[in-house]
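Keeping their order, the protein sequence lines are chains A and B.
Residue 2 is where the first sequence starts when you use the working numbering, and the numbers rise one by one after that.
Residue 248 is where the second sequence starts when you use the working numbering, and the numbers rise one by one after that.
If you are wondering where the hints come from, they were derived from the structure by calculation, not from laboratory data.
Think of the CB as a built atom: it goes at the ideal place given N, C-alpha and C, for glycine as much as any other residue.
A partial selection of chain A residues facing chain B, derived with a Cβ cut-off under 8 angstroms: (1) F11; (2) L15; (3) L18; (4) A19; (5) I22; (6) L125.
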Amino acid sequence: MRGLIPLFGFAALLAVLALSILRGNSDQLSYKFLNEPFPEFELTELYDEARTIDQNMVGGEITLVNIFGTWCTPCKAEHPKLVEISNNENLRLIGLNWRDPRTRAKNWLAQLGDPYDFVIYDRLGELVIAMGATGAPETYVIDRQGVIRYKHVGMVTDQIWTETLQPFIRELEREE
Amino acid sequence: MVARMIAELGHILLICAFVIAVLQAALPLWGAHKNHEPLMHFGSRAALLQCLALIGAYGALTASFIGFDFSVLLTAEHSHRATPMMYRITGVWSNHEGSMLLWVLILGIYGAMIPVFGKHLPLSLKARAIGIQGLLSAGFLSFSILTSNPFERLIPAAYEGAGLNPVLQDPTAAFHPPFLYLGYVGFSLSFAFACAALLEGKVDAVWARWLRPWVLLSWSFLTVGITLGSFWAYYELGWGGWWMWDPVENVSFMPWLAGAALVHSILVLGTRGSLPSWTVLLAITTFSLSLIGTFVVRSGLLTSVHAFAVDPERGLYLLVLLGLYTGLALALYGWRANALRAHDRFEPLSRSGALVLNNLLLIVTTVTIFIGTFYPVIIKGVFDDDLSIGRPYYTITFVPIMILLILVMGVGPLLKWERDSRLHLKSIVIKLAPVLALSFLFFFVLGKSWLASLGLAVGVYLMIATLMVVWSRRKIWRQQSAAFFGFVFGHLGLAVMTLAITLFTSGQMDDIQRLQLGESLTVGPYEYQLKSLNQGSRENYVFTAAEISVFKDGAFVTPLISEARNYRTRDMADGQGNWTTEVGFDLGPKDTIFATLSEWDGQSAVIKAHYHPFVIWIWLGALLIALGGFVSLADRRLRFQTEINKETS
Numbered sequence: 002m003r004g005l006i007p008l009f010g011f012a013a014l015l016a017v018l019a020l021s022i023l024r025g026n027s028d029q030l031s032y033k034f035l036n037e038p039f040p041e042f043e044l045t046e047l048y049d050e051a052r053t054i055d056q057n058m059v060g061g062e063i064t065l066v067n068i069f070g071t072w073c074t075p076c077k078a079e080h081p082k083l084v085e086i087s088n089n090e091n092l093r094l095i096g097l098n099w100r101d102p103r104t105r106a107k108n109w110l111a112q113l114g115d116p117y118d119f120v121i122y123d124r125l126g127e128l129v130i131a132m133g134a135t136g137a138p139e140t141y142v143i144d145r146q147g148v149i150r151y152k153h154v155g156m157v158t159d160q161i162w163t164e165t166l167q168p169f170i171r172e173l174e175r176e177e
Numbered sequence: 248m249v250a251r252m253i254a255e256l257g258h259i260l261l262i263c264a265f266v267i268a269v270l271q272a273a274l275p276l277w278g279a280h281k282n283h284e285p286l287m288h289f290g291s292r293a294a295l296l297q298c299l300a301l302i303g304a305y306g307a308l309t310a311s312f313i314g315f316d317f318s319v320l321l322t323a324e325h326s327h328r329a330t331p332m333m334y335r336i337t338g339v340w341s342n343h344e345g346s347m348l349l350w351v352l353i354l355g356i357y358g359a360m361i362p363v364f365g366k367h368l369p370l371s372l373k374a375r376a377i378g379i380q381g382l383l384s385a386g387f388l389s390f391s392i393l394t395s396n397p398f399e400r401l402i403p404a405a406y407e408g409a410g411l412n413p414v415l416q417d418p419t420a421a422f423h424p425p426f427l428y429l430g431y432v433g434f435s436l437s438f439a440f441a442c443a444a445l446l447e448g449k450v451d452a453v454w455a456r457w458l459r460p461w462v463l464l465s466w467s468f469l470t471v472g473i474t475l476g477s478f479w480a481y482y483e484l485g486w487g488g489w490w491m492w493d494p495v496e497n498v499s500f501m502p503w504l505a506g507a508a509l510v511h512s513i514l515v516l517g518t519r520g521s522l523p524s525w526t527v528l529l530a531i532t533t534f535s536l537s538l539i540g541t542f543v544v545r546s547g548l549l550t551s552v553h554a555f556a557v558d559p560e561r562g563l564y565l566l567v568l569l570g571l572y573t574g575l576a577l578a579l580y581g582w583r584a585n586a587l588r589a590h591d592r593f594e595p596l597s598r599s600g601a602l603v604l605n606n607l608l609l610i611v612t613t614v615t616i617f618i619g620t621f622y623p624v625i626i627k628g629v630f631d632d633d634l635s636i637g638r639p640y641y642t643i644t645f646v647p648i649m650i651l652l653i654l655v656m657g658v659g660p661l662l663k664w665e666r667d668s669r670l671h672l673k674s675i676v677i678k679l680a681p682v683l684a685l686s687f688l689f690f691f692v693l694g695k696s697w698l699a700s701l702g703l704a705v706g707v708y709l710m711i712a713t714l715m716v717v718w719s720r721r722k723i724w725r726q727q728s729a730a731f732f733g734f735v736f737g738h739l740g741l742a743v744m745t746l747a748i749t750l751f752t753s754g755q756m757d758d759i760q761r762l763q764l765g766e767s768l769t770v771g772p773y774e775y776q777l778k779s780l781n782q783g784s785r786e787n788y789v790f791t792a793a794e795i796s797v798f799k800d801g802a803f804v805t806p807l808i809s810e811a812r813n814y815r816t817r818d819m820a821d822g823q824g825n826w827t828t829e830v831g832f833d834l835g836p837k838d839t840i841f842a843t844l845s846e847w848d849g850q851s852a853v854i855k856a857h858y859h860p861f862v863i864w865i866w867l868g869a870l871l872i873a874l875g876g877f878v879s880l881a882d883r884r885l886r887f888q889t890e891i892n893k894e895t896s
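Pulled out of the complex, with its shape left as it was, chain B reads as follows (with noise of 0.2 angstroms):
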């Protein structure tokens, strides 16, 4: 009786947490603009509380995931008897109910971090940051509460459960979820503390300071994220594809983009004293475009793999929220952006010039996927006429912008911070031009189209020019930055990825055949022969699985195993279950190669065969641009109490 009883613990948690955050952002905000000391006090409080409130909500729904308390709806629909403990912790979080709840708690966690590591803040921008956090939190709990409620009850209660999807039953899969919040949520913080300053009037370097790593924390989780589901997309579905143009996909990427050019923007800003304006309109931006990317993701606007069940009532919530806190912070920001003050002049040829010029570029792109990815319901809503877009649209607009972009990363960080001259420029041109010709010419000449030369050219470039900065400094490494190796590691890191993506994209072959025991098929370098055809039973599924031995230049290179696997928690009816497919893979550091098992009879099967080259490197690319943003987590100079001028670099 009493473990059923922690599902109605979680609810009134939840309750808790949703009135804590309506006083979390009336009192301190009323406080701050009447100067009223122990009003501003209170939001610190309130913000804690608000987190234990919900760190004790989701731990409740997650003992009943646990404890397989079938009697609430969301446990009897994700779980079952035999999953296993992991997948039961993770199912959570595997629906739109359970997800929407670690939404919040990590909302109330990232609002939480304000108290906890703001000790120094001016006492009213921290009482005004903290009042937009919970103004967050309330209306994203009261969306909870209202429309998803997660702790609702099944009566009477199930006797067994429906089981987690088996395609979301894999640890990368798992992982996407909290990595990619932890990266969108963050970004409330960085609204937050915009619109703080917008009611202050007053952008400084201690504002950028101390914003600086909490952007970086977020934008770096947001990478993992994205690279998780990128990597679990490919490995797990088997599409042969690592990025789609997907419409959610799209909508992750955005505030990606736009948190890049913010991470740049506030290091300029926190540095040099300039662009404040332009900062703190990329601040909401960036969150805006998360919270624009949960909306399409829960409204069911666009139709896609990640659709939640599809729900108006849910989606025209959402959009009010999202013009409510957008809104607000964009008007704010018409009325406001003009008391905001550039402590410097803003020099062109400079670092921060360089910078400026990508951030535009970044902005550009992200222009550019958002028509590709909204103007089909622009034009649905507004003519309501149909037109689609793929691809290609993708191809010759985001190609050509990230090259421009990648040619000024090059250049950027071997200017000066400070005014720079036409003659440095010119000398840093006259040693990377021949770089990045000779690189086209190599890969030309050895029989790569021009795209692809063009695309590891300028790969080779951006590496080449950043181990130039690295050379540059090599007598006075010891005294570089956290951020500057955080810097080394992002930018090489997308270095790493233009030459696999490249690599890849043009390298890439398949072939699918039915294939005899014994059989085989050739794919680009690799023989794929079928061996075996197996049966058998594991934890909670059973599975027919096919050896297939690869062989290169006639030599055995490896086996692999592709399993059809059948659930039986799903679907019980007719006693078959739920097939899915298990993908026989062979990640290399070079080549990739995996085959996909279709139909089957005792003596053959249909077999597709995979090779791809390098695409291995495009993750481990995004993730060293992850470790790059952690990297310059450690900054000594993040830490504001720092004088500003001790700056060297």
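Next comes chain A alone, as it looks inside the complex (with noise of 0.2 angstroms):
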């Protein structure tokens, strides 16, 4: 009966990952920097290259953070949604440019509307990668204490914005 124990080992992992298959919705999975605090990092402001931000200006009130790119197709798919969340919310949204020239960046916000109250310029993609971020569009969800609460990856589309982050951020509103 002994050679059957690797079986019965094999069995149940199989049994765990369909359930996890199954439920989707892995995004949170491997995130290793869940409800730790947002890294450290001193990149400068798209519109003012003098003006540095770093991990303090993050805190303090419950924040977006949303990875884009003007290369990303995604991207430009969910931004009226996010200029709309803008509009209706009283909610800090900081947009996080990443691998863009500044200008191509500029351009495009003036195009389709901006909806950040601010946006981390990141070229190289130092926070993005620090962020432990795998591709754009993401959307991050940062309390008060500046910690990282939520990660979605993809779009937000209006589904992920009713059925899940609003609710998320009404309950962080609650917490306090």
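Take each chain as given, in its own frame, and dock them per the hints.
Quick look at the structure:
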């Protein structure tokens, strides 16, 4: 009977993997920085090269950080939703521009509307990598203490907003 | 028109390969069960034919990449008329569908190796192994055809392709996947022979000696594949790290660890006839870990830089295949493992004993990494709760086990294969303990931290212990087998890696600053001065280049050219293209220095400068390990016609 131990172990593993994959929503699974303070960084503002931004400017109130690049088609698709959120909500929304020339990012925002309170300019992806992002777009929920509480990979759609992000933010608001 | 038909031909050949694989699975297994010779012989021909069909299918896809057939969806998505020839060929495996085709091609090639090199194998063992190989091929071919068809058409055809992702336009990145697959998929032979042996109810030296070169070959390829991947991530991405404990790195590392255990236990089985059921279980485990790697990367279960298009349907299909193959193999193991008898009594105090101890340590390491990688998945799957595991976990679990492993690696090869005496062990320890203690003190006095000193001492210890084995055989070195030199290279390689990892981790430095032309920044012993900023264009990109002059103690060392490249071929909507950065590297035998360019205007640029001592020896050490594996392949004792009893070492 001892010979069957590996099989039972494997069957248990398989069941768990199947459960995870059927439940979907695996975004959070391997995300190392969940419930960790926002990583330290020092970068410039998109519109104002002389203005430096660091991690202290991310905390303090509940904040959405949205990674985008003009080269990323889904970012363009989700953009109207971000503009809508920025108009309807009393919520700080920070853009994190990735791998763009400054002028191009500015033109892109001028064309599509700028929902962001300010935009961190991260040409090399230093902060993007430090945050453990895997691509664009990605949207992070940061709480008042400056801790990363939620990560959404992919576009913020109407459904994601009303069913996931908005309720999550409401709950955070009630926490204090 | 004819050129456009090539993709159809490829698709048909792929389906042919699937049909052949089904027959290759069913008939020889049935033939072996009924002892029907013609059916058993059929397997050999089927395996060869399946391999040819796959070569044809793969050739067809490559042809449509080379010939810019943008009516094939995959070509349109991953090639472009401006893509250089080399990256048109490697572009075939730069995506999920194409790389899956490469995966099944390699599976087919390994399957064909059984009839080609296995003429002397017992007929029923051979037929069963070929049948199981066919079963594997059939499953993965059906996956390729049903969920990931590489020949899918694009109607209407695109006028121009989207081009290959620029970060993949690099030789080390281009050849990382084939080597990795040659490793992963090579373990299918271990799996097939393990299952065949269980069906036969017999594992012996013939079995172990036929299989060992394939285990060595796969494991060495996997070593090269992982090394290339690590080097690429370091060199191309310029993140400043060589290993991130990223889930996808972990899933390639786990079969490597289990494979390392298998390489050693199959050696014990081939020479001493002991450990049959353990070896069979390891063979199944190693390939299953490869399958888990394939599943994880292609299901989107874990997010990482490698994630292919996330598709739950594909994930589920692969999970079913994994469950089927590993489940059946383990059930077979549970049913038949008792039939496998050892031919030799196992002696704890012997070289085999040390190998077994290290086998266990390797498996403990594998389990540790497995837990680190999958614990978050399990918690999420069962309790719907989030948690994460990072580098600190791996540092406190992996490092101590590795140190223990290296200590055993030092002593083991100095012991006799047969039962050894406590006195001999004592004399070995008396020689080696001072090496460890003195080198620790030496590095500690030099100012290294206690952890760094320990790492370095352990590296020196392994190197000296390995050289002691060489020294003890200096008079009979001409009689030493290839496997002996393989052992020397492999173990020295690990010693080199251990030293390099410790020196790198404890000595690396970096800094970032905006520099005006002529200004400089100091990192470690080096001074980085921004000399000039230029712009220009090459084959398929335009670039901005910063020339940085590096000085050490006031003397000029080297120029570094860091570039930001804009590939015209991707995302041309506003004519600005996509930017990537090319890191200005100076890879040196001692110090590696590099600088990245982020922002610039005419007069200044933001430069991040790095100083990495000895980092290159991490990969050279790894390649030395792989070389050890390849060298061992030349061993005459692996030709299994030779008598087992001729053993001398």
